[in-house]
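Protein chains in written order, with my numbering: chain A, 100 to 633; chain B, 59 to 348.
Be careful, since some hints might not be right.
Pairs of lysine-lysine residues, derived as DSSO-like cross-links and limited to a Cα-Cα distance of at most 30 Å, are as follows [claimed, not checked]:
{"id": "1", "chain 1": "A", "residue 1": "Lys426", "chain 2": "A", "residue 2": "Lys326"}
{"id": "2", "chain 1": "B", "residue 1": "Lys238", "chain 2": "B", "residue 2": "Lys162"}
{"id": "3", "chain 1": "B", "residue 1": "Lys337", "chain 2": "A", "residue 2": "Lys309"}
{"id": "4", "chain 1": "A", "residue 1": "Lys326", "chain 2": "A", "residue 2": "Lys309"}
{"id": "5", "chain 1": "A", "residue 1": "Lys457", "chain 2": "A", "residue 2": "Lys560"}
{"id": "6", "chain 1": "B", "residue 1": "Lys304", "chain 2": "A", "residue 2": "Lys548"}
{"id": "7", "chain 1": "B", "residue 1": "Lys162", "chain 2": "A", "residue 2": "Lys457"}
{"id": "8", "chain 1": "A", "residue 1": "Lys457", "chain 2": "A", "residue 2": "Lys371"}
{"id": "9", "chain 1": "B", "residue 1": "Lys162", "chain 2": "A", "residue 2": "Lys515"}
{"id": "10", "chain 1": "A", "residue 1": "Lys125", "chain 2": "A", "residue 2": "Lys177"}
{"id": "11", "chain 1": "B", "residue 1": "Lys197", "chain 2": "A", "residue 2": "Lys564"}
{"id": "12", "chain 1": "A", "residue 1": "Lys309", "chain 2": "B", "residue 2": "Lys198"}
{"id": "13", "chain 1": "B", "residue 1": "Lys304", "chain 2": "A", "residue 2": "Lys309"}
{"id": "14", "chain 1": "A", "residue 1": "Lys559", "chain 2": "B", "residue 2": "Lys304"}
{"id": "15", "chain 1": "A", "residue 1": "Lys548", "chain 2": "B", "residue 2": "Lys238"}
{"id": "16", "chain 1": "A", "residue 1": "Lys426", "chain 2": "B", "residue 2": "Lys337"}
{"id": "17", "chain 1": "B", "residue 1": "Lys246", "chain 2": "B", "residue 2": "Lys197"}
{"id": "18", "chain 1": "B", "residue 1": "Lys162", "chain 2": "A", "residue 2": "Lys564"}
{"id": "19", "chain 1": "A", "residue 1": "Lys588", "chain 2": "B", "residue 2": "Lys260"}
{"id": "20", "chain 1": "A", "residue 1": "Lys531", "chain 2": "A", "residue 2": "Lys309"}
{"id": "21", "chain 1": "B", "residue 1": "Lys162", "chain 2": "A", "residue 2": "Lys559"}
{"id": "22", "chain 1": "B", "residue 1": "Lys238", "chain 2": "A", "residue 2": "Lys559"}
{"id": "23", "chain 1": "B", "residue 1": "Lys238", "chain 2": "B", "residue 2": "Lys92"}
{"id": "24", "chain 1": "B", "residue 1": "Lys193", "chain 2": "A", "residue 2": "Lys560"}
{"id": "25", "chain 1": "B", "residue 1": "Lys215", "chain 2": "A", "residue 2": "Lys548"}
{"id": "26", "chain 1": "A", "residue 1": "Lys531", "chain 2": "A", "residue 2": "Lys326"}
{"id": "27", "chain 1": "B", "residue 1": "Lys162", "chain 2": "A", "residue 2": "Lys531"}
{"id": "28", "chain 1": "A", "residue 1": "Lys564", "chain 2": "B", "residue 2": "Lys198"}
{"id": "29", "chain 1": "A", "residue 1": "Lys560", "chain 2": "B", "residue 2": "Lys304"}
{"id": "30", "chain 1": "A", "residue 1": "Lys560", "chain 2": "B", "residue 2": "Lys260"}
Just so you know, the hints here were simulated from the structure itself, not pulled from any lab data.
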Amino acid sequence: MSGHNNNIQQQVKAKIAERGIDYKQKRSDLASIAENSLPAYASVSAKARNYLDQGVICDLFEGAAPYRARYILPDYQKFLRQGCNYLNLPPAHDIHSAINYLQILYHYVPSIIDHPVYLGSIDELLSPWEKSVSRDELKRVLKYFIMHINRTFPSAFVHMNLGPKDSLTSRLWLELEGELELAIPNLSFKYHRGVTPDDLLELALTTAMKASKPYIVDDEKIASMWKELAGEGESKREEEVEYGVASCYNTLRIGGGSHTLVRLNLREAATKSSMKAGDITLFLEEVVPEAVAALAEIINYRASFLVEESGFFANSFLAREGLIDLKKFTSMGGVVGLHECVEILSGGGRMGWQENAKDRLATDYAETIIQTIASKLSLHPGKYCDGSNGKITLHAQSGIDTDLGTTAGVRIQIGKEPTLFAQMNLAARLQKYFTSGVSDIYVFEPGAKDNLQGLASIVKKGIDKGIRILSINNSSSDCVRVTGYLVKKSEVERYWKKESLRDESLRFGAPTLKNANILGRKVRSTKENKEDNE
Amino acid sequence: MSNPQATINRILHGTLIDGPGVRIALFFQGCNFKCRYCHNPETQNFCRACGACALTCPTAAVAEHGGVDSYRAERCVHCYQCLKTCPHHSSPHYRTLTIDDLIKEVEASRDFIDGITFSGGECTLQSDFLVSAMKALRKKFGDHFSFYIDSNGLIEKPHLSLLMDHASGFLLDIKAMSRKRHRFLTGKDNKLVLHNAVEMAKRRLLYEVRSVLVCNTTAIPSEIIASATFINHLAKLNAPRTLRWKLIPFRPEGVRDPRAQEEMLISKEVYDNCCRLAKRSYCEQNIITV
Ligand code: SF4
Ligand code: SF4
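If we strip away everything but chain B, and leave its shape as in the complex, we get:
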């Protein structure tokens, strides 16, 4: 058997916001969306060894033109200057992870966790690894842990069906209901995303759908109502499993462009209005607000 590897930006032991219970979250490097409001732009692309970050790193933890391959963790002081510098929305910090490494990580926290969540970046771009990982973890730990996939939904059919065979659930971002706005926000069409949402619901695999509310784009009544209608439809397919709908106001943290930050921000009042509308249009109990 081949020994698949993943490219991981970081691993978080003990998260309560990435699926049910207490979990380990793996954040994969690389994304097929380029969201305007991305909070972790450094996870979008792979390093091109351009050398820019080496010039600003205060401790020479990265060699010039060495990029990610030359990164020496023991020198790093976690100032994150490199992330601000990188012109390619990447980072010298990510690393490869084998299935064995992953098993070790899970082993270290096994007494505390209920499961593992694969997140990103966009983890489904590394579907082969995900499938092998879920198989291996299940083989090792039995049905002790659940596996959740946090995705933007842009997954090709063959990958999706394999993932659905092994995952316990999905956390799905629906960036916008209107195609135009989806393109505006992410650079990609949403047809496949919405199609995949239905596929997941049919298999009763949807745990949570998330909407990020952006000023004048998704924080508007027509978007909320369109989302609610669609999510109601998903919820029926997904039943009896409950489907949570989480409404998140756009947050400026981590977003690169200061002008974009200002333009996207919504007031508390707008957020509350959106939530009120959502609660009127979807089962209130399953709506999660901040």
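Just chain A, same shape as in the assembly:
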């Protein structure tokens, strides 16, 4: 035991003396050391522990004793409508009070990174008052709002939503994001055919070609997926089931969120169980069910700890005042490394490609594996998952900085992308299985900015095919999508020079940029790119 204590003391000392991170980051890291000093997973089965030890299942170093839900999506609309006792705030009555109150509440929203990972659908929150000030003034207040978020929540997982309806707030927000080119906040634009006007989508894409955000989200299908899932459980629904996009493309219920995210590394699953080409049946019938059972066990352990041991929901004013509701929560089971898993099982086939029999096999395996995981996961009851009818929801996890050789979620490995349309076809096949978030990235050359109709067409046709969430990026932007979040290339350079920087995500982003060859993503439609020859 004293050895354990010594070890902790050493970690604490090292953390206190660490250079290049600021006081707040230190404090948060110190808290993690304390949390992780507790014995972890005391009551999970030996099998599940073994998966954790082997790295087949990964708890994302979230801490062994969760005392706040990992993803919280407060009902900000309700907050502005009813005010807040705990914070002694009346209902908002104009644009200034609304923004001010939101800024206050943001500081009280717990998460795993000490900053709120969901900031609300800003146009819905503010548009009731947008007409009461001039356009110029609205733009000015929104600009200061963005600056406030950017400077006080220095993490690219802090996520704002826009759309699908038209509003001046949305338009100005998009304009500003294009002008400011900031990595923070992360931004999602909910697109809904027939509701979102074409020129608003084009404005969102203009911003995306400048700032690598927003992501485009298929509002129609994600909303109905959640409504269906949540509706199954609630016989008489009093409130609308609404979703928001938080953190790294986690689509979760507003007023709810996710207790935890534990992920299954499919590459490790295939490697550790010594799978070979052709072992697909064995993989689907033995490896997947066992690993998924262990995944569910660990997820449920964590959710139970959070709810029962830490008493988070009993203790939180957010819950007390109805801004979050345990009944709207879920837990997420994540997957990563599908690309490598399929490569192993097909004997070198490249998922997404259609060039030879092996490639086609790999592409089919990819869908079969995800389909099997989704159906196996649904067999395990999720503890405290009332928000998703007692089910653990599937999420394609975007990867973390230590993922060497494991591709994010169900994406294609960087450098191995097939043609644009082949990639879109694959994404369309896979994304429909992910209730709580999935994403794909398409990098275009700068000239595409002058063809908004073309970019919009990519989005619309992709969505028609079944793509749920996609990012349109410009190969020459300073802002780069790392996995789901953004960093600025210019700041990454400063990070490596060990300058102390505000953006906490650089600690993950800078190494990932290097390790995962992020800048090597295939650029679409470049004539000089002779690799496109097929």
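Got chain A; can you put chain B with the ligands on it based on the hints?
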């Protein structure tokens, strides 16, 4: 009916910079210009089976003196050594494509595209194929797709009029306004190019005119102003269809001669000045810069 074939350097599924919307671009082999700044010199000529590339190919994907006809794609590792070696500005990679092949290509991407663009090389050198292809594609897919032709404008009259009957639009390179500079850059006169530009505009078929800005040649005020004047004239004929004018700074990628690369390069400042001048002389909204 004869079964026309095209000689294709490559096919790109999903381009956003070769006409409006999302397109398939077909790059034809063979060109009637020899531009100093050509980025794809390997598309200029047809293979003479001289055997030079076979000697440098690391995987023997081309047989000695076999040239393009002996190329085996399954062996190729895409190192592009052959393109650097070829003394004839050609490539062992191009292939023939029938109308049926083309229909298959379009079929594979039909859910995603708005149209097809024929580019090059100089695609209009294979006008017979283009006309047959547009007819066949229209017959097969109706008016679902638009057909654009990306050309240097050096097209003989009978070909041009047939192409204009079938194409939805043209992307036209005007390499230089002055005849002397045009000759210097391309080896050819520009009289027919400028004449054809007017013909296309009269039929309201111009989608985009492009100028490549080369140091001391086209990146000079007199060229920009002459271009603007001419494009203004074209735009009036082309109306109500808008005419985009794209200004591209010379880029060294792919250009063979390193000295030429250096001599042609322009600074960001020169480029910005040219763009500013262009915007003063032509409808700013329709000017595309990089
Ligand atoms: S690119 Fe050319 S040189 Fe390289 S392997 Fe292919 S044919 Fe040979
Ligand atoms: S591609 Fe060029 S180098 Fe190779 S055989 Fe043909 S002409 Fe000769």
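Taking the hints in turn, this is what the structure says about them:
1. Proposed proximity of lysine 426 of chain A and lysine 326 of chain A is supported: the alpha carbons are some 14 Å apart, at most 30 Å.
2. Restraint check for lysine 238 of chain B and lysine 162 of chain B: not satisfied, since their Cα atoms lie roughly 44 Å apart, outside the 30 Å limit.
3. This hinted pair checks out: lysine 337 of chain B and lysine 309 of chain A have alpha carbons roughly 22 Å apart, not beyond 30 Å.
4. With a C-alpha separation of about 34 Å, the suggested pairing of lysine 326 of chain A with lysine 309 of chain A is violated against the 30 Å cut-off.
5. The straight-line distance between the Cα atoms of lysine 457 of chain A and lysine 560 of chain A is roughly 27 Å, inside the 30 Å bound, and the hint therefore holds.
6. Between lysine 304 of chain B and lysine 548 of chain A, the direct Cα distance comes to roughly 13 Å. Compliance with the 30 Å bound is thereby established for this hinted pair.
7. Simply put, lysine 162 of chain B and lysine 457 of chain A have alpha-carbon atoms about 22 Å apart, close enough for the 30 Å limit, and the pair holds.
8. Between lysine 457 of chain A and lysine 371 of chain A, the direct Cα distance comes to roughly 23 Å. Compliance with the 30 Å bound is thereby established for this hinted pair.
9. Under the criterion of a C-alpha separation no larger than 30 Å, the hint pairing lysine 162 of chain B with lysine 515 of chain A is consistent with the structure, at around 24 Å.
10. Distance check on the hinted pair: lysine 125 of chain A and lysine 177 of chain A sit about 34 Å apart at the alpha-carbon level, beyond 30 Å; violated.
11. Under the criterion of a C-alpha separation no larger than 30 Å, the hint pairing lysine 197 of chain B with lysine 564 of chain A is consistent with the structure, at around 26 Å.
12. Straight-line distance between C-alpha atoms of lysine 309 of chain A and lysine 198 of chain B comes to about 39 Å, which puts the hinted pair past the 30 Å bound.
13. Among the hinted pairs, lysine 304 of chain B with lysine 309 of chain A is consistent with the structure: their alpha-carbon atoms are about 19 Å apart, no more than 30 Å.
14. Using a Cα cut-off of 30 Å, the hinted pair lysine 559 of chain A and lysine 304 of chain B holds, with the two alpha carbons roughly 27 Å apart.
15. For the hint linking lysine 548 of chain A to lysine 238 of chain B, the alpha-carbon distance of about 34 Å lies beyond 30 Å, and the restraint is violated.
16. A C-alpha spacing of about 59 Å is found between lysine 426 of chain A and lysine 337 of chain B, which places the hinted pair above 30 Å, so the restraint is violated.
17. For a cut-off of 30 Å, the pair hint linking lysine 246 of chain B to lysine 197 of chain B is broken: about 37 Å separates their Cα positions.
18. For a cut-off of 30 Å, the pair hint linking lysine 162 of chain B to lysine 564 of chain A stands: about 20 Å separates their Cα positions.
19. The suggested pairing of lysine 588 of chain A with lysine 260 of chain B is violated, with an alpha-carbon distance near 47 Å, which exceeds 30 Å.
20. Proximity of lysine 531 of chain A to lysine 309 of chain A is assessed by CA-CA distance (about 29 Å); at most 30 Å being required, the pair is judged to hold.
21. Note on lysine 162 of chain B and lysine 559 of chain A: the hinted pairing holds, with a Cα-Cα distance of about 23 Å set against a maximum of 30 Å.
22. For the given pair, lysine 238 of chain B sits about 47 Å from lysine 559 of chain A by alpha-carbon distance, which is inconsistent with the 30 Å threshold.
23. At roughly 15 Å between alpha-carbon atoms, lysine 238 of chain B and lysine 92 of chain B fall within 30 Å of each other, so this suggested pair holds.
24. At most 30 Å may separate the alpha-carbon atoms for a hinted pair to count; lysine 193 of chain B and lysine 560 of chain A meet this at roughly 26 Å.
25. With a C-alpha separation of about 35 Å, the suggested pairing of lysine 215 of chain B with lysine 548 of chain A is violated against the 30 Å cut-off.
26. Between lysine 531 of chain A and lysine 326 of chain A, the direct Cα distance comes to roughly 15 Å. Compliance with the 30 Å bound is thereby established for this hinted pair.
27. In summary, the hint linking lysine 162 of chain B to lysine 531 of chain A is supported, as the alpha carbons are separated by about 28 Å, within the 30 Å threshold.
28. Between lysine 564 of chain A and lysine 198 of chain B, the direct Cα distance comes to roughly 22 Å. Compliance with the 30 Å bound is thereby established for this hinted pair.
29. Taken as a hint, the lysine 560 of chain A and lysine 304 of chain B pair is honoured in the structure, with Cα atoms around 27 Å apart against an allowance of 30 Å.
30. Our distance criterion of 30 Å between C-alpha atoms is broken by lysine 560 of chain A and lysine 260 of chain B, whose separation comes to about 34 Å.
Hint compliance for this structure: hints 2, 4, 10, 12, 15, 16, 17, 19, 22, 25 and 30 are broken, all remaining hints hold.
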